[in-house]
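Residue numbers (the working numbering), protein chains in the order written: chain R, 1 to 251; chain C, 1 to 125.
Hints listed in this document are in silico derivations from the structure and should not be mistaken for laboratory results. Cβ coordinates follow ideal geometry from the N, Cα and C atoms, glycine included. Treat the hints with care, as some may be off.
[Unchecked claim] With a straight-line cut-off of 27 Å between C-alpha atoms, the simulated BS3-like cross-links for lysine-lysine are:
1) K38/R to K63/C
2) K67/C to K112/R
3) K38/R to K111/C
4) K71/R to K67/C
5) K111/C to K189/R
6) K137/R to K120/C
7) K67/C to K88/R
[Claimed, not checked] Selected chain C positions facing chain R (in silico; Cβ < 8 Å):
8) Y15
9) Q20
10) M21
11) G24
12) F28
13) L41
14) V42
15) R52
16) V84
17) G90
18) Y108
19) M119
20) P122
21) P124
[To be verified] Pair by pair, the computed Cβ-Cβ distance ranges are:
22) K38/R to L113/C: 43 to 49 Å
23) E24/R to G69/C: 20 to 26 Å
24) R154/R to P30/C: 50 to 56 Å
25) E121/R to Q60/C: 25 to 31 Å
26) N120/R to E19/C: 46 to 52 Å
27) P10/R to A76/C: 37 to 43 Å
28) S51/C to M75/R: 34 to 40 Å
29) S51/C to L113/R: 48 to 54 Å
30) Q101/C to G239/R: 44 to 50 Å
31) E62/C to Y205/R: 42 to 48 Å
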Amino acid sequence: MTKNQVTLSPLGHYAEGMPWNPVEKVIMERRSIRGFRKQPLPDAMIRRILEAARFAPSAGNAQPWKFIVVKSPEMLAEMEKDARRFIKLLMFFLDYTRGGTLRRMLVRPLSKLFIRFRYNEFHPVPFGLMSQIAQDKTPVFHGAPTLILILEDRRGVSAPPTDVGVCGQNMVLAAHSLGAGTCWIGLVKLLMYYRKWRKRFGVKYPYQLNDCIAVGWQKPRADRQVPREVQMVSWFDKGLADPPRVEQQGA
Amino acid sequence: MATFTLRDRFILPSYDNPEQMRYGRLEFDPDKCSECGICVLVCPGGSLRSSRATKTELFQGEKTIGKCGPPEFDTANPEITLCVACFDCGAACPKDAIRIQTSFDPGYFYKRLTQIPEMKYPNPY
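Next up, chain C with everything else stripped away, as it sits in the complex (with noise of 0.2 Å):
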């Protein structure tokens, strides 16, 4: 917070601009997946959905894991998913489909996950 400029303290991040803040993509293989529908219902913030499914039906009884169709962003606009790339739908996914494309960016305002771009599992030092 020290090096903030007058000028930067006046302004603040936009959700909706995707010129400032960056949001998460995931990337579905198709041919490892099998239209199950679970990483619909695990997403905490609700943003994926599937072609027959929305996390709500999937919630509340009316569709059942299963059949779902493939799943992809519940979004008006392309550039802005709601993702925050947390993985849980690729922790979840029983065929390892899923794959993180970009990482969630809120912009200079707020904490970045500032390291290296690909990801590590738990090493056993």
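The following block holds chain R by itself, in its conformation from the complex (with noise of 0.2 Å):
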């Protein structure tokens, strides 16, 4: 197999190691795009993107989810300003990696603590990722001309958090098949802990923010295929008392 095919499979039809179609190459070249433009997406084609949203499955039909674009250049910019300085704020308490000894023996109890309550949210990633912002050494926004947020309906069927992941993945791909890049960006939710964000956006009771999607052309034009791990997946095709049989998903 070669890393970047030319022909594609036509769609709705299936054969044997057959070459990607235009979806699935798609998706195994679409990567989180972290250097935009500074020209936002024609307005038609952000509609053209939200229109992928609203079609997207959810429990029970029950939609829950509503969209907040956000174009405006200086709201943009307080955006990432008051992002910053939150972020400023929680790592001036709770960054023990940094700094002299005696203030790392202070915070670092503080810090475990957090660790040990959010353990997703303090995960070593972000951490590193909150640590370096608060050192000015990269942007909360990447600098995307447009954000869409996506406010998830806590009164929606099942796991409405998953029906906000399908559609929003449903909005990524649909970007990236017309030639735009995107991420997904988790730290807007900090955003929430200001009242004049919540206000701003309605964000209020049937209303929670967690995730929004940087949307714009890519600079770099970095959408490719890379390497993945391997899954190891265990397959039930034989009796109920059988044991699965393991196998390795991408040898």
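Using the hints, put the two chains back together into the complex; each one sits in its own frame.
Structural data, given as structure tokens:
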């Protein structure tokens, strides 16, 4: 198999070992894009991306979502500034990987307490990222010209977070198939600690903001296939008492 | 979580201790590298820098992509690179000059990518 195949298979047809069809190609080559051109996408294109979100599947057809498109450069700059300010405050109390010995000793117990109770939010990956943001080494929203906020309606059926994820993935794939670039940004939830942003975006009871998607033209075009780790998959394809056959997916 | 002992529950991983956490490490091929600086710009955590430009400078337009010098890790301690081996830099690199040397392993408390060390391209079955 070559890394960048030119020929594509037709949609709605399968033969063993055939090349990717256009949908699979978009899925395989999608990368999170963190460098954007200043010029935003045309409005019609953003509407087309939102149309893909509107037609996403959801549990019980509850459609537990609401979209907000932020295009105003002043607003984006203020969001960036406020998120950065909050992260700086947080890291002043929690970043035990920096500073002198005394500071580390004082900060470490509090930090460990936070890590114990919010271990997903303070996973080493976002922790390191927030530490870098607090030192002005990397931006929060990657200078994206457009943000699409997905508000989750908590009154939805079964598991609304899953529905929101499915809907966002629809949008991301549609955007990449049109040549744009996207990146999921979870740090936007820090803005919800500010009353003014809650009010401005109308985030109150049924709604909750956890994620947003940065959309724009890719500046270095980075959509490409990259290798991934191999998965071990259990196949139950014999009798009830037989153990599963473990197969390496991606060999 | 069920297999954690009581003692385990009181121990937390230290993010600045190389014995408890292994950060990612990249290999830059100096022969292929054209020193363009794209990898520095796209690094999600800002863990890379080049000898003539940092991510902030490239991002704010003070420096442009082009002659930026070879990339390196922006870190005080060579064991703590803040790299999570996400390979964004490798996807963006126009010259295929970046390889992952060691993967990111956040210790026993967090989920690890437990599979075999070498990774595979998607396979059309």
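So, going through the hints one by one against the coordinates:
{"no.": "1", "hint": "K38/R to K63/C", "verdict": "holds, 16 Å"}
{"no.": "2", "hint": "K67/C to K112/R", "verdict": "violated, 42 Å"}
{"no.": "3", "hint": "K38/R to K111/C", "verdict": "violated, 37 Å"}
{"no.": "4", "hint": "K71/R to K67/C", "verdict": "violated, 33 Å"}
{"no.": "5", "hint": "K111/C to K189/R", "verdict": "holds, 23 Å"}
{"no.": "6", "hint": "K137/R to K120/C", "verdict": "violated, 32 Å"}
{"no.": "7", "hint": "K67/C to K88/R", "verdict": "violated, 32 Å"}
{"no.": "8", "hint": "Y15", "verdict": "holds, 5 Å"}
{"no.": "9", "hint": "Q20", "verdict": "violated, 10 Å"}
{"no.": "10", "hint": "M21", "verdict": "holds, 6 Å"}
{"no.": "11", "hint": "G24", "verdict": "violated, 11 Å"}
{"no.": "12", "hint": "F28", "verdict": "violated, 16 Å"}
{"no.": "13", "hint": "L41", "verdict": "holds, 5 Å"}
{"no.": "14", "hint": "V42", "verdict": "holds, 5 Å"}
{"no.": "15", "hint": "R52", "verdict": "violated, 16 Å"}
{"no.": "16", "hint": "V84", "verdict": "holds, 5 Å"}
{"no.": "17", "hint": "G90", "verdict": "holds, 6 Å"}
{"no.": "18", "hint": "Y108", "verdict": "violated, 13 Å"}
{"no.": "19", "hint": "M119", "verdict": "holds, 4 Å"}
{"no.": "20", "hint": "P122", "verdict": "holds, 5 Å"}
{"no.": "21", "hint": "P124", "verdict": "holds, 6 Å"}
{"no.": "22", "hint": "K38/R to L113/C: 43 to 49 Å", "verdict": "violated, 36 Å"}
{"no.": "23", "hint": "E24/R to G69/C: 20 to 26 Å", "verdict": "violated, 38 Å"}
{"no.": "24", "hint": "R154/R to P30/C: 50 to 56 Å", "verdict": "holds, 53 Å"}
{"no.": "25", "hint": "E121/R to Q60/C: 25 to 31 Å", "verdict": "holds, 28 Å"}
{"no.": "26", "hint": "N120/R to E19/C: 46 to 52 Å", "verdict": "violated, 24 Å"}
{"no.": "27", "hint": "P10/R to A76/C: 37 to 43 Å", "verdict": "violated, 54 Å"}
{"no.": "28", "hint": "S51/C to M75/R: 34 to 40 Å", "verdict": "holds, 37 Å"}
{"no.": "29", "hint": "S51/C to L113/R: 48 to 54 Å", "verdict": "violated, 40 Å"}
{"no.": "30", "hint": "Q101/C to G239/R: 44 to 50 Å", "verdict": "holds, 45 Å"}
{"no.": "31", "hint": "E62/C to Y205/R: 42 to 48 Å", "verdict": "holds, 45 Å"}
When each numbered hint is compared with the structure, violations occur for hints 2, 3, 4, 6, 7, 9, 11, 12, 15, 18, 22, 23, 26, 27, 29.
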